[in-house]
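Peer 1: Chains A and B, in that order, are what the protein sequence lines are. If you're matching positions, the first sequence starts at 1 in the numbering used here and goes up one per residue. If you're matching positions, the second sequence starts at 1001 in the numbering used here and goes up one per residue.
The set of hints was computed from the structure by calculation and includes no laboratory data.
Short derived list, chain A residues pointing at chain B, Cβ under 8 Å:
(1) 27
(2) 48
(3) 61
(4) 64
(5) 70
(6) 71
(7) 75
(8) 77
(9) 184
(10) 185
(11) 186
(12) 187
(13) 189
(14) 190
(15) 205
As a list, the in silico DMTMM-like pairs of lysine to aspartate or glutamate whose alpha-carbon atoms are at most 25 Å apart:
(16) 166/A with 99/A
(17) 74/A with 1208/B
(18) 74/A with 1278/B
(19) 128/A with 195/A
Predicted model, so just to flag it, every value in this text is computed and none were measured. Just so it is clear, CB atoms sit at the ideal spot from N, CA and C, and this is done for glycine as well.
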Amino acid sequence: MTTYLGFTVWDLEPDRREDPDSDYALSKVRLDSRAGLFTDDALGPTPNESRPVGFLLRGRSEIAAFQAMLDALKGRLTPFWLPTWRHDFRLVADRAPGDLTLLVEGISYSRFGFSTVDYGSRHLALLKPEGGAIAAVYRGVTAALDNGDGTETLTLSATLGTAYPKDRTMVSFLSLVRLDDDAPALRWHHQALAEATLRVVDLNREAPAPA
Amino acid sequence: MAVLAGLYGLTLALGQNPARTPNLDGFASPAVFGGQMPVSGAAAAVKTTASVSVAVAGTAQRAGLRTDPASEWWFERIHVYPRGYDAGFVLSLQQVPVEVFNGFRLTTQTLNAIAQTGPAGVTVADPYGTPVAFAPLRSRVYTVSVLPTGAAVVDNTIRWDFLGLAEPLFVLTGSRLVPFTFTPDWSVPVEDAKAWLTDIIRASTDLEQRIALRAKPRRLLRYSVLCLDPREAAFLDQLVWGWNAYAFGVPLWPHATPVTAAVALGAVLVPCDTATREFAAGQQALLIRDPYTWEAFTIGSVAPLQLGVSGTIKAAWPAGLTLVVPLRLGRLDPVVRIDRPRPDAFRAALAFECDPA
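Input sequences plus hints: build the corresponding full structure.
Peer 2: Written as structure tokens, this is what we have:
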């Protein structure tokens, strides 16, 4: 297992057999006399996303490694990094190993997502297929700029170290999460095939600053 | 050359040690003894009774105390060793040797009977019969057996009843387990979870503190069983009905594996592939051919291609027909919903919660 900024990264590619859903939960207090105007007072700065992640485990070695990871997490106790495994950003241009920035299609990240209050949305996973596996690097976003031409420039905490072609790269948020269940179950179809669906919840307030 | 100061060794020869008096008769009794005459030679030989009266060559007797504390504990009594045995979770026959020792140094004692109290399921093998004489300082070994069948709780005492003596009891404790030997219906996935427990204290600002409440997780197993054979269905019905209040030995079926060679009677090794399977030293495992034919044993050691047995295997198990599967102590859900596709068939989804292991 890889570690990033002191936490383990769960880099096993999920199974997408079922449509994922997710909840955004923000702590709010509603001030409402029920007679007219009302307002919400948000207590947390950003919502924590809760979502299921499914895994299909082929072979006893893969099942044992998965179980070992679950054992290390100890239910809801331990935070870990998990890529969203979504195309949260799309590269506009290929990136070279020495690049410190990403040029991406604009999604108003610099306005909404680039939080300066917590760092939950300030970490990225760059994923590309390579040699039958997934090659990944994890970087923080130290600055975001809307270029005004439908693109945004994200400045990374360190250079990429390897080339990332725009048509083979998935840029996903890397979320600090914990399990949302103390008893995650494996469903064994037979002795060498199992699946599991884990529900995870973001820990935006605990995510470390990009470094 | 350096000169080192030293001492001559003193021999025990009387007279060469200036600290010793050559004749006890010459010993002047200090005031604490009341200025009486010295102890006579005959009196000095008395040494074993509990309250020693020392005759002195005068007019008075003096009470004394025994000076050897070991003899108080070892002699003039009956010993049973060990004094107790915790059988733990009884799945198969357990035997423990118990030594009974006559600690009387001069007296033969007679064992009248071996008395047992407690629920059924415990026997004492008595190859010597009763009554039987135990010569001074003589011991005999008896074998106490905890049978796999019997009451749910092992809470027995055994007393070797010697005539006119108060003997220590031998105390047996434990829990009798019944293994749940029905394999899952694999048309429905077997759910297997380790259940941790975390207390989460959440602030209104979404910050949280997490506290682990369990050092080891419990094990949750949920699976379906389907019995279409009338005898098996009836047996399963009895098992669920009659033993739901007690603990089961729950096999971890996803970790079952065939034995790779026949296991002989008295074997101390079970050859099987243990890689990625949850066998652990000190835990129980089950050799099983069908719901009626099984043997539980305690795992002594785990190697990649074999399990070491703590004790010996009590039956012969052929290769090709026999599975070995890790076992956990579990309890069945209080409510079991049974579906009967035929009057003599049995299908149920069972949920076991197992102790941390």
